[in-house]
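Could you slot chains F and G onto chain S? The hints should help.
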Amino acid sequence: MSVILDILASVGMWEAVLRIATPLILGTLGVLLCERVGVLNLGIEGIMTFGAMIGWLTVYSGADLWTGLAAAALAGAAFGMLHAALTVPLGLSQHVTGLGITLFASSFSYYIFRLAVPTASSPPTVEPFRPLPVPGLSEIPFLGPVLFNQTAPTYLALALVALLAWGLYRTPLGLAVRMTGENPHAVEAQGIDPIRLRIGTIMAGSALMGVAGAFLTLAAFNSFFPTMVQGRGWICIALVVFALWRPGRALLGALLFAFFDAFQLRLQTAVEGVPYQLFLMLPYLLSILALIVMARRARVPQALMQPYRRGER
Amino acid sequence: MTRVLELDGITKRFGATLANDDVSLHLDRGEVVALLGENGAGKTTLMSILFGHYTADAGEVRVEGRALPPGRARAAIRAGVGMVHQHFALAPNLTVLENVMTGTEPLWRPRSDRAAARRRLAGLAERFGLPVEPEARVSDLSVGERQRVEILKALYNEARILILDEPTAVLTTQQAERLFATLREMAAQGLSIIFISHKLHEVMSASDRVVVLRGGRVVAERATAETDKGELAELMVGRKVERPARPPARPGAVLLEAADLHVAGKGGAALNGVDFRLHAGETLGIIGVSGNGQTTLAGVVSGLLAPERGALRVHGAALRRHDVPHAIAAGIGRIPEDRNAEGVVGDMSTWENAVLERLWAPEFSRRGVVRRGAARAAAARILTDYDVRGARVDGRVRLLSGGNMQKLILGRVLEAGPDILVAAQPSRGLDEGAIADVHRRLIAARERGAGVLLISEDLDEVIALADRIRAIVGGRLSPAIPAERADARRLGLMMAGDWTEAETIEREAADAL
Amino acid sequence: MRFERRESASPALTVLAPLGAIGAALVVAGLLIAVAGANAFEAYGLILEGAFGSRLGVTETLTRATPLILTGLAAAVAFRARLWNIGGEGQFYLGALAVTAFGLVPGIAGAPAPVAILACLVVGALAGTLLLLVPVTLKLRFGVDEVVTTLLLNFVAILFVSMMIEGPLRDPLAFGWPQSMPAPDAALLPKLLERTRLHAGLLIALALAVAVWWVQARTVFGMRARAAGLNARAAGFAGVPLARTLALVGCLSGGLAGLAGAIEVLGVKGYVTTDLSPNYGYSGIVIAMLANLNALGVIAAALFSAVMFVGADSMSRALGIPSYIADVTVALSLLTMLVAIFLTQYRVRR
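Chains as they are written, first to last, in my numbering: chain S, 1 to 313; chain F, 1001 to 1513; chain G, 2001 to 2350.
Looking at chain S on its own, in the form it has when it is part of the complex (with noise of 0.2 angstroms):
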């Protein structure tokens, strides 16, 4: 039992999870965005790992944490729009496609990551972001470096959830997309181009779902190396039932479960005689329990994966 209140009285457990917690918020909004729009991208574990790849190998070549960032937003948005062209104005199946995205792109990710690094036992390091304490409030006892002494990525990512907050419900964009996922006729009947409006979001989506990948090579950890990513994506795509397709609470599910795959990591250590791979197992079987419990409440948005073509029924 000490154990336990030891692990949660601790600051570097609560520190981690926001650490472990911004992929999965910048993951899980950008299914969110897809989703809202109607339209399931199963493209987002692959999307994470060539973000991860990607961002990794520009920062490696010379260039700043931040324009890493950047090309994995743009492969990111790359792959979405792949997706998007082949489910939206073709119709095809969403769940065949994003899969087959997802085995592209991280396919794609390792070709050309051994290109770059052809024979290395370890895989090359970079610099990657430090935390960037905010000046006073970082100060206050436990709070602190909790809250306020996390990298950069990380704020911009709970900067995101408010924005997209904002953005959803309070924007005459945000209303047409909500109303796209909804019922994309409604939407065309009132002016707007709803296959347009969904490759855009699907684009936006996808770059957070790079960028996330991203965050664990250039924050998380310092290099890449394949199969990192681990179902993080998949996570995030039962993430956004548990939230019921709202940011804030996209955030909230992220933070829980980031608490949890902090605890377990802690607890590993701490506990002796239980096998580790019983704690790995934990966040995928809370996902699967989050869906469980979800399944029956969730207000799905009514065009999730209804293929729209113009002027059929």
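Source of the hints: derived by calculation from the structure; they are not laboratory data. Here a beta-carbon is modelled for each residue, glycine too, at the ideal position from N, C-alpha and C. Hints should not be assumed to be uniformly reliable.
[Unchecked claim] Okay, the calculated beta carbon distance ranges per label pair:
| id | chain 1 | residue 1 | chain 2 | residue 2 | range |
| --- | --- | --- | --- | --- | --- |
| 1 | F | Asp1394 | G | Leu2296 | 15 to 21 angstroms |
| 2 | G | Leu2296 | F | Ala1318 | 56 to 62 angstroms |
| 3 | F | Ala1245 | S | Arg196 | 52 to 58 angstroms |
| 4 | G | Arg2141 | F | Pro1247 | 48 to 54 angstroms |
| 5 | S | Ile140 | F | Arg1114 | 54 to 60 angstroms |
| 6 | G | Trp2177 | F | Arg1367 | 20 to 26 angstroms |
| 7 | G | Thr2274 | S | Phe142 | 36 to 42 angstroms |
| 8 | S | Arg196 | G | Lys2191 | 54 to 60 angstroms |
| 9 | F | Ala1436 | G | Arg2006 | 28 to 34 angstroms |
| 10 | G | Leu2031 | S | Ala63 | 47 to 53 angstroms |
| 11 | F | Trp1108 | S | Pro118 | 43 to 49 angstroms |
[What the hints assert, rightly or not] Covered, in the sense of this in silico footprint (three residues per stretch, anywhere, with C-beta under 8 angstroms from a C-beta of chain G), are these stretches of chain S:
| id | segment |
| --- | --- |
| 12 | 135-149 |
| 13 | 274-284 |
Chains F and G only, in chain S's frame:
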């Protein structure tokens, strides 16, 4: 009179079919014009071109003398054209205000002005007598209220020309009358209105002028005051189509009996204590506004939904298990409400669709293996006996027209010789020729001694086919009236739930037959 | 630009579609090879040579194709009924693990070979089925989308395997490296050719492909499953028991993936490690799509993938192009195949 809208020589081709062939029509300020035509006459295509959903192959649309750029809905809206769609273009999860506001502000504005929008919506609602609650979720509204939202949406866009596509399809007679009164009021305030319809009585009562469309062409134009239903019917159909007459009923034993059926359903779709008896050799018509439980009722009788309370007795006994195979085995033939969604699997072949619901029968399978030869022979028989055109035994059903698809469904159902036939909206969306075919088949089944339960929103159809008529309202059935005493007015009152004591007595008399 | 549904796809188009798709994928991958500084034609030549150029190459390709046929069938069976089983990878591992665990049952090691083999295959299939039944049950009971649950369970399954081979099933004779105890000798599949890895599993996979094709094309169950996938509402109206059909499809699909794992252990490896599968489960999805969900087509699609994977290894050694180019090509061909299928169904109009 100011000319507000002109369509000039509109031509539109889809593949091999000519949907609109050199169509021209005009609309003056303050005028209500009815666009009359059968399904497939090209009405909806024409209006979609006007509204910019489609681009015409030839021709021009002019609003107040200025040509509209083709294929741009936004331009049509800006020019003051508003469209009220047949399937409402609303998002049920969003509020009324959000539905109305979408696309009315510049997209990239950093903040929506909801307060101003709410004021403006309230003003319009007041001016045209269309009360709504701006913060209500559309999914919580009734069908009539949703239509109000659709109209307000167009008015909010400053529409001066309003196009309504089959606006009364989902309304009761009384609601429809109220709608047309509102349209009259709008016309008096200077708006110009086109409504699309295939119902002669509402065209006669609500329009100033009628344009008749047939096979993609304008075949006639009449001032409403100078024509009559008979002439319009002939113009619309192009020939005199005789719907088959119904010989007098010779009701026999009770085949199907429902006692106090209760089924929970979503919203208004529940059944709250339904009783009826269906006799051999008679047709019982169930009318009603959609969403009052007729889909659920059809589902229960078809074996899809088990009743939670009450009993459904077929030949005097409950089904051994209340599911589809047992319903079919008990002699219930089922014609589903939605051909494409329920009736057929579009991407499967004709023969597979012909036998799918009877695959368990020894005729069509042995030890789990499909008897393809027998199944294909049965399908071929249906294609010839029921005159299904354009179908091949191995071709995909998706390619059939609605009428031919319905004939295939009728064929597979009637081929099994059911004693009880449940027909839900059997002629919805069909043209006159196909409707006559369907009616002939239903009458023949009744003559053969089957009991037909006809669930339909088309009053003309029910009056033509049913021996007794009952209305379903809020999951309950009205008393029955004999078809001879049915007229649109009376049926409208029944559908609105206005039942009288006297008719209750009549029901008992009728059911005791 | 508009798309218009074709009245019917011509047979020629149906055959040409996958070839065109693979061709397009090869062109794009060729560009990637060229960008990396090698001659694409030379690379493809080397890939073909690696896969077909020698007795060893051919047998390796066929060995590699064996699990791919089975995971491809697993995906094709499920996708036909619109059951999105993306969990082939996890089911593969559980099937593999089950075989080695089953070897501990007294009597198996001493049983006659046919009995031991059959018992092991059944156990492997059951393990895969069991894992897929979890998401299928969640879907039917709670309406939980099976895509995400099957994906997540892949990670759980592999962690479980890792836990077992570092714990109760660990081979004490393997030095340090975590691997499972060996599968029972009696259950090992006979080799088809001396001094190669080619084993009888290939025959099992081919036979199953034919069997699955027959079930899909000729039986009541196959027709109902297809109807349920194409239009669940209409299938339900016609009396197809949707839940039961879906559960059965799940059993079949999970079983095939589990069987793939069991056969890989019994035919090739003899024991389980956490790198037993180079993404066989995920490749199965691509193969099923390339085959347009046709069970016999799966054989051809699996062969194509196997050629790419085996050939790319030897090409990579010769040219220094990362062998990941095979994964890239296969993934790309999934995307191009989707477009190709679309073009067989629609024609493009201006």
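If you check each hint against the structure, which ones fail?
-> The structure conflicts with hints 2, 5, 6, 10, 12, although it agrees with all the remaining ones.
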